Structure formats: C-alpha cells, structure tokens
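> I would like the entire structure built from these sequences, with the hints used as guidance.
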Amino acid sequence: MEDQTWPETPFYSRRHILALGGGAAAAAILAACGSSSKSSSTTAAPAGTTPSAATTATTPASATTAATGGTTASATTAPAAAAGGTNAAKFGGGGGDGTVKIGFTAPLTGALAGFGEANPFILDAINKLTANGIMLGDKSYKVEITQKDVESNSDTAASRAGELITSGVDLMLAIATPEMINPVADQCEANGVPCLSTLAPWQPYFFGRGGDPAKGFDWTYHFFWGADQLVKVFGDMWQTVDTDKTVGLLCPNDPDGNALADPKTGFPAGVSALGYKLVDPGRFQDLSDDFSAVIGQMKDGGVEIVSGIPIPPDFATFWTQAKQQGFKPKLVTMAKAVLFSSAVEALGDAGDGLASEVWWTPNHPFTSSLTGEKSKDISDKYEASTGKQWTQFVGFVHALFEVCFDVLARAGSTDKKAIADAAAATKLDTVVGPIAYGKNGLPKNISPTSLVGGQWKKTTGGKFPFELLVVSNKQSPEIPTNGTLTPLA
Amino acid sequence: MVWTNAVIQGILLGGLYALFATGLSLSFGVMRLVNLAHGDLAIFAAFMTLSISTTLKINPLVALVIVVPAAFIVGYILQRLIFDRVVGVDPAFQIVATFGLGIVIQNALLEKYTADTQGLNVGKLKTSTIKVNDTIGIGWLPLFTFATAVAVLGSLALFLQHTKLGRAFRATSDDADAARLMGIDIKRVFAVSMALAIATVALAGVLFGSRSSFDPFVGPARLIYAFEAVIIGGLGSLWGTLAGGITLGVAQTIGRQINPQWGELFGHCVFLAVLVLRPTGLFGKVQSR
Numbered sequence: 001m002e003d004q005t006w007p008e009t010p011f012y013s014r015r016h017i018l019a020l021g022g023g024a025a026a027a028a029i030l031a032a033c034g035s036s037s038k039s040s041s042t043t044a045a046p047a048g049t050t051p052s053a054a055t056t057a058t059t060p061a062s063a064t065t066a067a068t069g070g071t072t073a074s075a076t077t078a079p080a081a082a083a084g085g086t087n088a089a090k091f092g093g094g095g096g097d098g099t100v101k102i103g104f105t106a107p108l109t110g111a112l113a114g115f116g117e118a119n120p121f122i123l124d125a126i127n128k129l130t131a132n133g134i135m136l137g138d139k140s141y142k143v144e145i146t147q148k149d150v151e152s153n154s155d156t157a158a159s160r161a162g163e164l165i166t167s168g169v170d171l172m173l174a175i176a177t178p179e180m181i182n183p184v185a186d187q188c189e190a191n192g193v194p195c196l197s198t199l200a201p202w203q204p205y206f207f208g209r210g211g212d213p214a215k216g217f218d219w220t221y222h223f224f225w226g227a228d229q230l231v232k233v234f235g236d237m238w239q240t241v242d243t244d245k246t247v248g249l250l251c252p253n254d255p256d257g258n259a260l261a262d263p264k265t266g267f268p269a270g271v272s273a274l275g276y277k278l279v280d281p282g283r284f285q286d287l288s289d290d291f292s293a294v295i296g297q298m299k300d301g302g303v304e305i306v307s308g309i310p311i312p313p314d315f316a317t318f319w320t321q322a323k324q325q326g327f328k329p330k331l332v333t334m335a336k337a338v339l340f341s342s343a344v345e346a347l348g349d350a351g352d353g354l355a356s357e358v359w360w361t362p363n364h365p366f367t368s369s370l371t372g373e374k375s376k377d378i379s380d381k382y383e384a385s386t387g388k389q390w391t392q393f394v395g396f397v398h399a400l401f402e403v404c405f406d407v408l409a410r411a412g413s414t415d416k417k418a419i420a421d422a423a424a425a426t427k428l429d430t431v432v433g434p435i436a437y438g439k440n441g442l443p444k445n446i447s448p449t450s451l452v453g454g455q456w457k458k459t460t461g462g463k464f465p466f467e468l469l470v471v472s473n474k475q476s477p478e479i480p481t482n483g484t485l486t487p488l489a
Numbered sequence: 490m491v492w493t494n495a496v497i498q499g500i501l502l503g504g505l506y507a508l509f510a511t512g513l514s515l516s517f518g519v520m521r522l523v524n525l526a527h528g529d530l531a532i533f534a535a536f537m538t539l540s541i542s543t544t545l546k547i548n549p550l551v552a553l554v555i556v557v558p559a560a561f562i563v564g565y566i567l568q569r570l571i572f573d574r575v576v577g578v579d580p581a582f583q584i585v586a587t588f589g590l591g592i593v594i595q596n597a598l599l600e601k602y603t604a605d606t607q608g609l610n611v612g613k614l615k616t617s618t619i620k621v622n623d624t625i626g627i628g629w630l631p632l633f634t635f636a637t638a639v640a641v642l643g644s645l646a647l648f649l650q651h652t653k654l655g656r657a658f659r660a661t662s663d664d665a666d667a668a669r670l671m672g673i674d675i676k677r678v679f680a681v682s683m684a685l686a687i688a689t690v691a692l693a694g695v696l697f698g699s700r701s702s703f704d705p706f707v708g709p710a711r712l713i714y715a716f717e718a719v720i721i722g723g724l725g726s727l728w729g730t731l732a733g734g735i736t737l738g739v740a741q742t743i744g745r746q747i748n749p750q751w752g753e754l755f756g757h758c759v760f761l762a763v764l765v766l767r768p769t770g771l772f773g774k775v776q777s778r
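So the protein lines, in turn, are chains L and X.
Just so you know, we're using my numbering here: the first sequence kicks off at 1 and counts up by one.
Just so you know, we're using my numbering here: the second sequence kicks off at 490 and counts up by one.
Be careful, since some hints might not be right.
Claimed, not checked - Below are the DSS-like pairs computed for lysine-lysine, each with C-alpha atoms no more than 25 Å apart in a straight line:
#: 1; chain 1: L; residue 1: K245; chain 2: L; residue 2: K323
#: 2; chain 1: L; residue 1: K323; chain 2: X; residue 2: K613
#: 3; chain 1: X; residue 1: K613; chain 2: L; residue 2: K330
#: 4; chain 1: L; residue 1: K388; chain 2: X; residue 2: K601
Simulated from the structure, these hints should not be mistaken for laboratory data.
These numbers were taken from a predicted model, which means no experiment stands behind them.
Listed below in structure tokens is the structure:
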C-alpha cells in the first residue's frame, strides 16, 4: 500500500492509528526539546554584524571615535597594563597593523532570543566606536566582531564556538544562561582561547563545568551575580512586608528551578535562616497548563509570599489561575519570570506590584568606561533607537564589551596568553559596577556583580505602562533605591 | 474537596485541549494529513489578535470576529497552495512540509514581534471567578473556553451529520477515491476542512493566549496535547475529541494533585494506555483490524 495514492484498506485501521500515535510521539519529542530543536533547523546565524567595521576602517576618524578618544587613557599606560588599573581602551590609528578577531556567541532565535535582543543596538555602537581600529600597545588593529546565533540550543552553541575558534578568533565573548555559555567556555578552555562571558548566575557557570574553586580555569572568565545573592535579596524584601512569614515555592523542574529549590543552597535554606516557614508543592514541568494543585497547596499552607524562578508563560498561567482560585498573596518575588517589561505587560493589570531581582537599571550610579555614558544615557539611547523599554541586558552586554576592550588594551597584543593574563588582572569600573575576578574568596574566574530587589509599578501617563523601581538595596547599598516596596493589593 | 477542584479544573482545561485538537481531528479524519504546524498556526492567530486588538483598541475576544474568518481563508489557501501537494503521498512529505511551515511561522513571528512574551488582555474576564467555596473556584475564562469548545464541536458534528457538504466530508473520509467517482470535488472538501481546522485552532490560540502568555516559540508544545486528545477520543468522532481533551485534562490535574511533577506524566500515561488497550480510542467508530 505504500505506493498507492490512497490506501485501499479501511482508513481507521490499527496501523493508521498507530501511525498517528507515532506522529504524536514525534510531536512529544519536539515539545520535549522545546523550540530549540525546531530553531536548530533554521540555518545560518544572522552574522550581519561581522566585518563592516573592519572594511571601513580606513575612513578618517568619525565624530564618535574622536569623542571617545578623549575619554581614554594615555599611551604610557599600555606597557604596564597587565598589572590592571584604571586604564581604558584607546581607539583609532586606522587599524593598519593587523586585525583583532572577536567571536561573540548569543541566542538570537529560539526560546532564549530575548537575551540577545539588545545585541544589535550594542553592536551598532561598538562597531562605530571601533571603526577606526584599536590601539594594542603601540600598534593599531582593525576590530572584527563576528556574532554567531547559538539558536537557544547547547549543541549549536558548542558547534558555533568551534567554528569561531577554527576561524581564528583571538578572544571569545558569550552570553546568556549556563546552557548557552558553558559549551562555548568549555571549547575555549580546551582550545586555549580566552573567553569572557556574562548573563548567567555564576554557580551553574562555574560548578556546572566541573570547576574546582582551588584551581579554577585558565582561559575563561565570567561576571554576574550568584544564586546566594538572589536568596538574600528576596529575603530582604520579605522582611519589609508584614506577613505570616510563610513562603510558597514556585520552582520548575529545570536547571534554574532545581538549583534554587536545593535544600542547602537554594530558597529552603534562605527561608529557614530567616525563621520563615516554607511550603514547597514540588517541582513542575515547564509549560504546565494548570496550577490548581500548586495553588491549592499554597492556600492550605497559608502562604502569603510566593517566590521562585518559573519561565514567563508558566508564571502567567499560575498568576491568572491564582486570581481565579481566590489566592491572594501579599508579596510575589519572582526571579526570571518578570525580568522584562514585556512579560509584565503580558499580565495586564495583574502585573502591578510584582517584585523581581534587579541587576541593572538606568538608575544604577555607574559610568561606561568605553563611552563615558551614565546608565541613564545608555538606556535613553536604547529606548530612542529601538522604541522599546530598556531591559537589564542592555547594561550587561555593554559591560561585556567594556571588559573585552579593556582586556585587549592591557594585553597590548593579540597574543592569547597575554589576553588571558590581562583578563585575570581585570579591575574595571563598568556601567554595571566594578569588575575584578577572583576577589573575596571566589574562584579566580568569577567576578560577582551587585544584585538588588525591584518592584514593577504601574505608571500614570508614563512612556511605558510599567516601570521597575529599586526598592531593596541592603545587599548593595551603593545602588540607590527609587521606590518603596508595597504589598500587593 | 481538593480532588473535586482538580477534576473541575481538569474538565475546563480539557475544553481548551479539545479546541486545539478539533482541527487535527478534522484534517486527519478527512484527508489523513498530520499538520505539524498546527500549534504554530494557533500562536500565529494569537499574535494577529494581539495586533488587531491593540491597533483598533478592542477586546481580543471581539477581535475574533475578524481573526476567525481570516484564519478560515488562510486555511483554505494553505490547503490549495501547499497541503494539497502532500496529501495522499508518502507521509514523510507531509511531515517535512508542515514542519517547515511551522519553522517559517516561528521565525516570521520572531522577526515581526521579537522574542518578547506577550499576553492578550481580555480585561475582567481573565481573573473573575465563580466562587463555589474556599477550595473551589471556577474562572469565567476557563468556563467560557469550555463552552466555546462544546459549541464548536457540537456545531461541527451537526454540520457533518446534517448538511450536504458534511455528507461529502464523511464520504471523502471513508473513501476518497470512491467519493471522487461519485462526483464529489474532494479538493474542495479538503480545502474547506483545512479552513475549518485553522479557524478552530485560531480560536484555541486566542483563548490560550488569554489564559497564559506566549512567544513565537511556544507553538510546538501545544501540538502534543492536541494529538493525544484526538487519539484518546478516537478518530472520526468529534464528540470523542471533546472526551479525549477532557480525559487528558483531568488526568493531568489529578496527576498534579498527587505531585506537581506528575501532571504531564499522567496525561501521557493515559494516552499510552488508550493506545495499547483500545487503539480506536474511547469513541472511535472503527474496529481495529
């Protein structure tokens, strides 16, 4: 019957039904792999940001480069650079002496595409900045940044990193989630290519790669906050609201959820350290359609604070259903689910008052070492050029390039060993705060960044429907608050 | 009491699953087409609704008046342009064509709407509820979704039983070649059935987008439950599809009541159990051979 247009046997045979069952199984596999397996079939990373800067490098210094030239350090700092210090990168010189190749891996399509959303904006600015080359030592190099889309898939990330390494990059940059960064960092470590990364809590980055705190890694460096800080920041927020001290946990069965539900290092430890009671309904699958059981347990347990780290669609389902089931917690401190203003807007009015972790806001009192812009300047530019509300990624991706060019300048050449040594000695004030690896007893490859607590509040007649205000800064007092935490209505 | 609530929520969730499954049930029933882009088309409709409701400043459910007929036309055109070429040939072609369409839709949505999470703001309906007691609350939106599923499946069943075109559908389903010999324009039957399939899944996508949030990549996860609802309910029976959706929904909520992690597992187990014990499904009209 295989060769016939229409089978002559009755259609609803066991064979057909099993065939459809097979189709369902295939769909199950698709669903299990999430969108990643689908998007991995999309070809060719949009590497459109590649060498335009390099090809136009011979044009006279533009206004941008002239302006930024003024903020840079004098040439005398270059030789003594590897010792670290406040010296910043110096751009210009025409780029006639060689090319420094920078690889950049980021999820631009697939489920994690949101993490790469600020990249076009940042890369545009960086390409303008480096259009006339960069001074490494007393030589001027062209800058060639090749961005590759890792398609929200770890396997793709590993192979894109391999391609970049084969193409001879001098330095690798990687962003967004341990799943996307770790394969890239592992490839770099194995091949002796320096790698700088951010946008993933540092514990799954370091320990997820089998890192030994005593030895560390030789080639790969990472800055971001850690899971321990998250628990502390949320704890601070819980204590400022008058509740019955019962915390309900909303953690899915995924790497982030399991890490934060860990009895020793996650929320349970933080909750009991404060003398609070924990109601943990258990892990649930990502993309669950029904939370009535979880909500029921939280209601029964007298939960007044809900905390966890679900993906945005799951939190939306949970929160809508909580309202339908008459569950009204006084405080919701949610990691990951309400990072983006878009995720909050998707909830409509129900998004008002949700609290989240905050890594960077336009209100952070830091300045870019590359451009001299304040946080607010960068976010304003982002909003003007994209028409969208700022995201926390804008500051961090910008800071990644700050570290990148600072490291290159101090390395003084494209020698990989020199670059790795310079990375280890980094001591730079960036737009997300000071970066220095291996301080305060942390592994030598890790630089933590500040973390504070924020709350989404509805604006009245503002440019955007919600704004994220910093409401709790006990863990990082250098970040000013610009609002107070209010319980949910 | 918590178990009663679990069953009630499961039934209401089942309505949504059934609505997602209706289109698959139709297109597989009539022309043996397995449309892997089904979930992506639902999300596509949700995005269209988002654009229309924000542009015209109307409630997303009002925008359905535009979206559902538009989806009907899209389905008709898709069948004529693409799916007709893969109906009745090696299933591998169907899978590649529909899978490819899904990827095209996802990336087109990504290009237009970025990866941002979106939601459809249906106003008060989203959170208002009928409070039965402290444990049991029945949300108006899930109830509305369930009622919609019953209405849609009911009218489709009536359409198949009592109209001339419906009779052509059934004839084509039973034996396409014989139907063609009897003078039925089976290409038209195919196109109308796909149009109905896409119209119903658009409805499902919008109701899904109202109860949760969505981004361009959540479509494929919708597909599996639709498939399972069709098979549990039994091929060739639209009421069976409703029963299949409800069975799946209740299995999931009961599983979650035992352990939040077991919801999907219970659903899949019920599906496998049906496949093994009663391959024709609960209401399948056909004897197995």
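> Each hint needs a verdict: does it hold in this structure or not?
So, going through the hints one by one against the coordinates:
Restraint check for K245 (chain L) and K323 (chain L): the C-alpha separation of about 21 Å stays at or below 25 Å, so the hint holds. A hinted pair counts as satisfied when its Cα atoms are at most 25 Å apart, and K323 (chain L) with K613 (chain X) qualifies at roughly 11 Å. Taking the CA atoms of K613 (chain X) and K330 (chain L), the gap is about 21 Å. The hint holds against a cut of 25 Å. Of the supplied pair hints, the one linking K388 (chain L) and K601 (chain X) holds, its CA atoms being roughly 14 Å apart against a limit of 25 Å.
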